[in-house]
Amino acid sequence: MRGASQAKWVVAAVAVALAATACSSGGSSDSSGAADAKGSFSYQSTEPQHPLQPANAMEVGGGRIIKNLFRGLVDYDPANGKLRNQVADKIETTDSQHYTVTLKSGWTFHDGTPVTAQSFVDSWNWSANTKNNQVNSNWFVDIAGYADVHPEKDKGAPTSDKMSGLKVVDDTHFTIDLTAPVSYFEYKLGYTAFSPLPKVFFTDPAKYGESPIGNGPYKFVSWEHNKAVTLAAYDKYAGVDKPKNGGIVFKNYTQAEAAYKDLVSDNLDVLDQVDPSDLASYKNDLGDRAVDQPQGGITSIAFAMYQPDWQGADKAKVRQGLSMAIDRDTITKTVLQGSRMPADSWVAPGVAGYKKGACGEACTFNPAKAKELIAAGGGVPNNKVTILYNADGGHKDWVDAVCNSIRQNTGVECVGDPKPDFKTARDLIDGHKVDSIMRSAWQQDYPLNANFLRDIYGTGASANDSLYSSPEFDQLSKQADAAASIDKTTELYSQAEAVLAKDMPAIPLWYYKTNSGYSNKVQNVKFDSFGDPVFTEVEIKK
Amino acid sequence: MPDLIDTKSPADPAKSGAVEATAKPEKARSLGSDAWEDLRRRPIFLISAVLILVLIVMSIAPGLFTSVDPRAGDLTHDYLRAPSYGHLFQGDWFGYDVQGRSIYARVVYGARASIVVGICVTASVTIVGGLIGMLAGYFGGWIDTLLSRLTDVFFGIPLLLGCLVVLNAFTDRTVWSVVFALASIGWTQMARVMRGSVITIKQADYVTAAKALGAGTGRILFKHVLPNAIAPVIVVATIALGGYIATEATLSFLGIGLQDPTISWGIDIDSAQKAIRQAPFALFFPAGMLSITVLAFIMLGDAVRDALDPKLR
Amino acid sequence: MGRFVARRLLQMIPVFIGTTALIFFMVHVLPGDQVRAMWGDKQPDPAQLASLKHKFHLDLPLWQQYVEYMKGLFTGDFGETLSGRKVIDVISEAMPVTVRLALMAFGIEIVFGIALGLLSGLKSGKFADKSTLVLTLILISIPVPVLGFVFQTIFGINLKWVKPTVQDSTDLQQLLLPAIVLGSLSLAYVARLTRTSIVENIRADYIRTAVAKGLPRRKVIVTHLLRNSMIPVITFLGTDLGALMGGAIVTEGIFNVKGVGNALYHAINQKEGATVTGFVVVLVIVYLAASLIVDLLYAVLDPRIRYA
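Chains as they are written, first to last, in my numbering: chain A, 1 to 542; chain B, 1 to 313; chain C, 1 to 308.
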């Protein structure tokens with residue numbers, strides 16, 4: 001059968017790749033004596049939605065694979081979320097607008113060609129170009145000359161294929177000019193869209209997308225569509241995080257339940273997330289192989305501030321009242337089975353600039369005060385709210401619980417308003433046709449509070465679904481962006497967060513957590529604040 | 001087969017409830033009255049009839065069975081609280097669900113949506129599909145070609161896609177829009193079963209005999225062909241009824257079926273699946289009610305079919 | 001007979017065009033913007049969004065999209081998915097898996113369904129009949145996801161008889177559990193239909209004649225009773241094969257089978273008109289072939305039925 005022969009090919013390819021690794025490393029003398037540096041492990045994943053190109057991975061399925069195939073100038077240290085140099089030797093600036101990048105030498109792509117300043121500049125120019133249809137093309141928006149390769153909608157085709165802000169000095173130096181100062185631009189550089197690309201990419205990007213060549217700790221072996229993507233450790237990897245294993249198999253699952261069952265029976269090595277039906281028992285099932293730690297994301301419910309119902313100064317009291325009617329502690333412990341942590345701010349903990357208790361009293365359960373505030377604010381129009389959400393994301397239980405909490409504690413009628421799938425819900429949200437409240441979730445692009453604040457609550461910000469607008473908030477974030485240091489930036493953003501507590505455009509509910517686990521075959525499995533395992537650290541038991 | 005030439009039988013034994021037929025005992029024993037005499041003596045029929053009666057009363061007046069509010073939940077105390085089996089007809093009889101709501105109250109209030117969906121979809125599917133299948137099977141020729149190919153076209157539509165499209169056309173999502181969606185997709189199966197059945201029956205001697213006696217097409221169809229061809233349709237319909245109630249659960253799961261504040265067994269079965277390992281009872285009671293309902297309808301269908309079938313005399 | 005088959009094959013053309021047009025239209029009217037959905041919770045860049053829509057011809061009017069699609073179809077080009085793969089590749093990956101699964105389920109329901117139906121029909125009203133009734137009732141009344149989940153937990157995790165999910169879709173042993181779950185509801189239908197039909201036919205004149213002629217019981221049952229009772233069962237089976245192949249979304253999901261149900265669900269969710277239509281085209285061919293075979297079997301089973 002066709003499937004069987006394909007499987008054999010994969011096995012053969014992995015074997016060859018692993019043998020190659022073994023030759024160079026010769027004998028294993030790794031940290032824990034019981035680890036097999038040549039063994040590979042499997043990880044629960046989903047089918048990548050796009051060809052494997054660095055700026056074309058928005059969703060986790062492709063994103064995690066790209067993350068292992070490539071290393072950019074910098075990345076985030078999985079241990080503490082701090083920036084760490086990879087290909088960059090240093091990135092210098094005096095005004096947060098003009099940067100000079102110095103590369104380390106010795107980095108190579110998986111085809112043996114060196115990683116140079118040109119590899120970065122060509123990659124960014126190509127990825128930013130509208131006609132190349134990369135979903136992450138607007139990550140380059142800060143760079144001078146972006147409008148030439150990526151004109152606004154209905155403003156015609158790109159007039160150039162190069163951004164004027166990028167200049168190659170020599171093989172190991174290039175400069176970046178931005179249109180305006182962005183104090184945390186270096187943080188953005190850690191995103192996979194800023195990865196370098198080898199020369200071979202530009203000959204046929206589509207073909208490359210099926211068998212990519214990167215510069216990261218792992219090289220591409222095979223992609224069996226809808227089944228698995230296989231990577232093997234790259235023996236000439238020059239980064240600080242050399243893989244302690246021989247490779248990764250990203251195994252496709254459509255149902256998280258099925259993945260969990262495979263993990264319990266040791267048919268899968270590392271889990272992405274425990275499915276809801278096994279949350280109650282996974283710690284029992286897995287013992288010390290269970291993982292439970294915070295993640296850089298937050299769930300809120302956002303008000304449709306564009307509806308007349310929510311305008312007017314008094315309505316902030318009503319919104320605070322609704323927030324105080326939600327029993328976050330009980331809901332996270334019961335309905336969510338400990339898979340979330342009650343939120344007390346709009347920024348997730350572990351993110352630079354997180355301030356504990358920024359939401360204050362308004363995020364503390366207090367039914368009496370809730371009723372009082374709602375009455376003081378003139379009550380809820382028609383005494384009824386609805387929470388819009390997509391039914392294909394497993395949100396029903398908590399939306400119902402939040403609604404029950406609101407209804408029973410304040411007497412305001414509350415019902416969930418499920419839409420069949422994500423895109424249908426998104427249509428209404430993007431079109432600003434939400435009647436009252438909508439589900440809102442944010443997962444960090446980079447671990448800095450600016451990402452949780454300006455990108456969601458700034459006037460005209462792309463993810464500002466509420467159409468919330470506060471001159472005070474905008475003023476503070478503008479100052480923060482122009483600040484001289486990262487510390488000053490986070491400090492000013494914390495002040496902006498205090499404005500949110502006053503206006504309550506969205507009710508923070510809870511932070512994400514990583515609830516996962518691993519099989520008996522692996523050890524040293526740790527997770528970063530993005531919820532991904534630290535792939536290079538995983539050890540396979542002998 | 002003497003009864004087939006009996007021209008005094010009531011118009012349509014399948015529809016005109018066998019009950020009225022008994023009112024005129026002086027009339028020659030008709031198919032309908034025969035059936036009723038037969039049914040009254042069958043314990044299976046009596047049990048299932050009583051069950052269905054109770055379910056119907058429950059869906060009309062749930063307040064008779066419980067005074068607990070099915071939407072009220074207390075997460076702090078009642079999250080997945082185990083049942084107290086001794087507390088008959090109390091709120092905690094069947095335990096509490098993941099929102100801390102009384103499962104007993106929800107099972108009682110959920111009957112309405114599930115029963116309405118089950119009965120109405122089955123009835124409309126049987127009438128529409130049955131009629132189309134009967135016409136196609138009996139007349140054959142171009143009528144058969146047209147109707148059968150139309151059935152083929154509809155049969156190709158995946159259930160999920162069909163329901164998504166139909167349900168999105170309604171702004172107000174009620175029990176009736178779910179009924180309409182399921183019926184508009186489900187009639188094809190019934191049409192095929194009926195067509196197959198009619199094709200065999202129309203070759204039978206008694207149909208030829210009726211034709212020879214000069215009976216009109218309508219008369220042949222409804223008095224001779226239909227009663228004899230209906231058996232497999234009833235079997236499929238009674239089983240499908242349970243299937244439709246379960247499909248309603250799948251639709252709720254996909255976010256296109258019934259939704260809060262409507263209460264249905266389907267919604268509850270779906271939400272209890274996630275808690276199956278901690279609290280199997282939360283799944284057991286709504287699923288059990290669904291099973292009992294399906295059971296009652298199948299037993300009724302079986303009994304009625306046996307009683308109506310002239311060949312079994 | 002030959003002319004009958006030829007006519008039926010010709011009739012497939014309008015059905016084919018009707019179905020593709022209908023499906024294409026239905027996918028189109030689904031709400032939501034599939035290209036926008038690529039950005040998830042993040043906001044898309046309007047210029048990039050417009051450029052991608054142009055790439056997938058989504059900026060054309062619907063009829064033009066359909067014409068473009070049909071043009072491609074007649075040259076054997078099924079189009080591309082939103083992730084840039086050829087639809088024909090997606091179909092040829094998913095189809096063999098589902099064909100294996102569906103045929104296994106089909107085999108199970110035929111063998112066990114007819115056997116159970118025959119048994120309970122012959123012993124009508126007796127214990128064997130009653131216990132078959134109970135068994136089929138249980139199968140019918142448990143919703144498929146619950147049945148799949150319970151079977152998986154019991155046989156896959158607690159007893160460890162089989163792997164809880166399908167690791168290798170060419171291993172028929174691994175496909176057994178999902179096939180049983182998939183076939184169980186239809187098994188119940190087949191058993192009930194067979195029983196009803198047998199009970200009806202067992203008193204027919206030709207059976208009485210056959211018994212009176214002194215034919216052995218076995219021969220009476222198989223060549224006379226069973227053969228004449230098969231028409232409703234065959235009709236059902238004909239519709240069911242197509243349904244098994246297209247409607248296994250739940251079962252395929254529970255057991256992680258990468259088949260048609262899975263791919264179709266994903267395509268509908270992504271509003272990928274070309275992919276959905278491509279799959280339905282293949283499924284319609286299966287339905288049409290099955291209904292043609294069913295009609296031919298009518299004539300085989302019942303010599304009174306003839307096709308000109």
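Read the hints as simulated data drawn from the structure, not as lab findings.
Given the structure is predicted, the values throughout are model-derived calculations rather than measurements.
Any given hint could be a false lead.
List time: in silico DMTMM-like cross-link candidates among lysine to aspartate or glutamate, alpha-carbon distance up to 25 Å [as the list claims (entries may be wrong)]: (1) K42/C with D285/A; (2) K131/A with D129/C; (3) K126/C with E37/B; (4) K160/C with D430/A; (5) K384/A with D309/A; (6) K42/C with D427/A; (7) K53/C with D392/A; (8) K207/A with D41/C; (9) K55/C with D344/A; (10) K188/A with D33/C; (11) K356/A with D344/A; (12) K131/A with E68/C; (13) K86/C with E210/A; (14) K53/C with D285/A; (15) K333/A with D172/B; (16) K126/C with D34/B; (17) K153/A with D33/C.
The hints, checked one at a time:
no. : hint               : result
1   : K42/C with D285/A  : violated, 36 Å
2   : K131/A with D129/C : violated, 69 Å
3   : K126/C with E37/B  : holds, 22 Å
4   : K160/C with D430/A : violated, 48 Å
5   : K384/A with D309/A : holds, 11 Å
6   : K42/C with D427/A  : holds, 13 Å
7   : K53/C with D392/A  : holds, 24 Å
8   : K207/A with D41/C  : violated, 29 Å
9   : K55/C with D344/A  : violated, 44 Å
10  : K188/A with D33/C  : violated, 28 Å
11  : K356/A with D344/A : holds, 7 Å
12  : K131/A with E68/C  : holds, 22 Å
13  : K86/C with E210/A  : holds, 13 Å
14  : K53/C with D285/A  : violated, 47 Å
15  : K333/A with D172/B : violated, 34 Å
16  : K126/C with D34/B  : holds, 24 Å
17  : K153/A with D33/C  : holds, 17 Å
Violated hints, in rising order: 1, 2, 4, 8, 9, 10, 14, 15; the structure is consistent with all others.
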